[in-house]
Amino acid sequence: MTVETTDSAGTERFGAQLAASLQPGDVVLLSGELGTGKTTLVRGAARALGVRVPVTSPTFAIGSRYPVEGPAPTGLSVVAHLDLYRLADLGAEDPDLLADYLTADAVAFIEWPGAGLETIARFGQIRHHLRLEHIDLERRRITVDAP
Amino acid sequence: MTVGSATGVLALDTSTALTVAALWDAARGVDAEVAVDPPAGGRPLHAQALLEAAVATLAEGGGSWEQVGRIAVGIGPGTFTGLRIGIAAAQGLARALGRPLVPVSSLASLAASATAAEAGAGRFVLAVIDARRGEIFVGGDGLVPSVLAPEDLAERARDRLAVGDGAVRFRAALEAAGAVVPADDSVLHRVSARMHCRLALNAPPVAPERVLPCYVRLPDAEVAR
Amino acid sequence: MILAVETSCDDTCAAVVGLDGVIHANVISSQTVHDRFGGVVPEIASRQHLEQITPVIDAALTQAEVGLDKITRVAATRGPGLVAALLVGFSAAKGLAAGRELPFTGVDHLHGHLAASFLNGFDPPFLCLIASGGHTLLARVTRPEGPAEILGQTLDDAAGEAFDKGARLLGLGYPGGAALSRLAADGDPAAFRFPVGARMGGLDFSFAGLKTALLYKTRELGAEETARRRADLAAAYEAAIVEALMIRLRRAVQTTGATRIALGGGVAANGPLRAAVAALGLEHDVPVPALCTDNAAMIAAAALHLPAQPYPTYLGLDVYATGERPLAAPA
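Line order of the protein sequences matches chains A, B and C.
Residue 50 in this note's numbering sits at position 61 of the first sequence, and the numbers go up by one each step.
When you read off a place in the second sequence, starting at 1, and then add 18, the result is the number in this note's numbering.
When you read off a place in the third sequence, starting at 1, and then add 9, the result is the number in this note's numbering.
Any given hint could turn out to be false.
Simulated pairs of lysine to aspartate or glutamate, DMTMM-like, Cα-Cα distance not exceeding 20 angstroms [what the hints assert, rightly or not]:
1. C:226 / A:134
2. C:226 / C:252
3. C:226 / A:127
4. C:226 / A:85
5. C:226 / A:15
6. C:79 / B:84
Have a look at the derived ranges for each label pair, beta carbon to beta carbon [claimed, not checked]:
7. B:84 / C:211: 56 to 64 angstroms
8. A:66 / C:325: 39 to 47 angstroms
9. A:58 / C:268: 32 to 40 angstroms
10. A:22 / B:201: 51 to 59 angstroms
11. B:177 / A:122: 56 to 64 angstroms
12. A:114 / C:208: 37 to 45 angstroms
13. C:225 / A:136: 39 to 47 angstroms
14. A:64 / B:66: 19 to 27 angstroms
15. C:228 / A:134: 37 to 45 angstroms
16. B:140 / C:79: 51 to 59 angstroms
17. C:268 / A:134: 49 to 57 angstroms
18. A:106 / C:228: 24 to 32 angstroms
19. C:200 / A:66: 43 to 51 angstroms
None of these hints come from the bench; they were simulated from the model.
Just so it is clear, the structure is predicted and the values come from calculations on it, not from any experiment.
Cβ atoms here follow ideal geometry from the backbone N, Cα and C, with glycine treated the same way.
All chains, please: the whole structure from these sequences, using the hints.
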């Protein structure tokens, strides 16, 4: 499936729609170059899943865990958001790095999953792989692949 | 050898999911160990429980740090973050108390416990720590610590007594390779800080900042350098 | 005296500060190993922290010319930051405090940045703008013990991250923020116009659109022209980041009636930002660079105003990564 969004608000709305299909333990992967709206999409999804605090770039700390405060699917208490850009290979990392984020009570969004797919699959159910592309300054093309 | 009149050895280990501390002072008849398991299905409690466990062992000998003549710490191999919690805390304690710090191989300690228990009917021991990602750290009698998939053990496991959390987790593969694995609830599978104390008593201390984890697995970035 | 430790990212830091706020030592061991990976790699940072933590603590004591017997309190950063990195400094500090049965204080990293100005004798109340690689926020600091009132924060990227990602787009490598600023000094900030989010009301920050605008400008110019006009691009991009920060700072001054301003975080070392803050004509404090970037003296400064937990009540404390705790609240 491919959709086009006309601005960042549209990308956020698409994230919110996507959230409806997610359950605790699910993982969503996001690929796309700088500025394609990966964090924007995650923000929309996190809002729809009941996160109330600001959803910001996870780049600095590798990952964030946001508490779910609003109405949410049963069993969901956390939305996790990771950026693995700097971890070209998870083989160099502590295998427990992901365990702190990919928990059974969390929906996790992972930007730049890169070479970590196999490790990620060990911790959660990869539900979607999204690819975001620039069309122009405002518009984005989002392709949703089944994993 | 210990410092002054303090004859106790305090040992810490955070190489596996178990958080464990022990105080052993043969001269004063003190042999205490406090171990904390993670909650069911939960993450290890090293950061919260390690120093509390250490302080709890002191109580048996009167409660004071004065009785600690040297400190031992398990350097794994094991989970990286867990090992660093234990080693950083041990460096801090050694610095604070002005006592020598001794690194202990967690694999060697596991093997020594099994040997001491005479549970293997004379078999050599294979110490196995879960390395995650489907791999194990192995060591023990005559083996250099290494990381591998359980399926690749081949002859290394034959007729050995396999102990450790990795032996429990990969029981089938180990038994297929010819190893004997004690029952899942056997104490032999748990790292013993008591054994660390004994191994450290006469081992040479190392400058605190040079006591570092036995990673075995180098980050790929380092390998490529 | 208080001994403080900070290892939230890629600097291994220890400081000795008197209970009167005088800095006796402020040791920072920076890791450069990450540059070739395009960012701080947690596992590598954590390994280096463990190799450095005891030597850095010893160096701080040596510089301060004191023994551990003169230390009466210990403090360490609890978060936010890289968990594996935080755990090294926090565990070592707890072990050090425990062995001497000293009181201990766990400090929020952002509270530390707010407190850096205390070391200059610049006391609350003031408005504080913290801008670094991991954080961007505006806070009203009314009491030294906190918690600070968060007036605004970034909704996407941090200001320092905007510098670094902009540098990446201009081919300046990592960490490119400082290189981008150096290049900008030779450029014309008016040569290009980048969005500063002026239409976005309130006191929150957003840098994602700016980053995207730079990407499109470089595409429009093409590789050759981008290379030729790199200094102008850098200058205009830097000016936009500074203006985006200043718009919110001016608004905050207006809405709160504040007359005193402090800057903190690595971006506070930025020349144009310092100049813009000075131009406001208000009483202000910009700590020296060694107190703006990550350091342990600021952690000691915050701890001096926070309750110290007596031995052994703190032994069970853990660190935290982010997003799970009220910002800058006492630990």
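Taking the hints in turn, this is what the structure says about them:
| no. | hint | result |
| --- | --- | --- |
| 1 | C:226 / A:134 | violated, 31 angstroms |
| 2 | C:226 / C:252 | holds, 19 angstroms |
| 3 | C:226 / A:127 | holds, 13 angstroms |
| 4 | C:226 / A:85 | violated, 40 angstroms |
| 5 | C:226 / A:15 | violated, 37 angstroms |
| 6 | C:79 / B:84 | holds, 19 angstroms |
| 7 | B:84 / C:211: 56 to 64 angstroms | holds, 58 angstroms |
| 8 | A:66 / C:325: 39 to 47 angstroms | violated, 23 angstroms |
| 9 | A:58 / C:268: 32 to 40 angstroms | holds, 36 angstroms |
| 10 | A:22 / B:201: 51 to 59 angstroms | holds, 54 angstroms |
| 11 | B:177 / A:122: 56 to 64 angstroms | holds, 59 angstroms |
| 12 | A:114 / C:208: 37 to 45 angstroms | holds, 41 angstroms |
| 13 | C:225 / A:136: 39 to 47 angstroms | violated, 31 angstroms |
| 14 | A:64 / B:66: 19 to 27 angstroms | holds, 25 angstroms |
| 15 | C:228 / A:134: 37 to 45 angstroms | violated, 26 angstroms |
| 16 | B:140 / C:79: 51 to 59 angstroms | holds, 57 angstroms |
| 17 | C:268 / A:134: 49 to 57 angstroms | holds, 56 angstroms |
| 18 | A:106 / C:228: 24 to 32 angstroms | holds, 30 angstroms |
| 19 | C:200 / A:66: 43 to 51 angstroms | holds, 50 angstroms |
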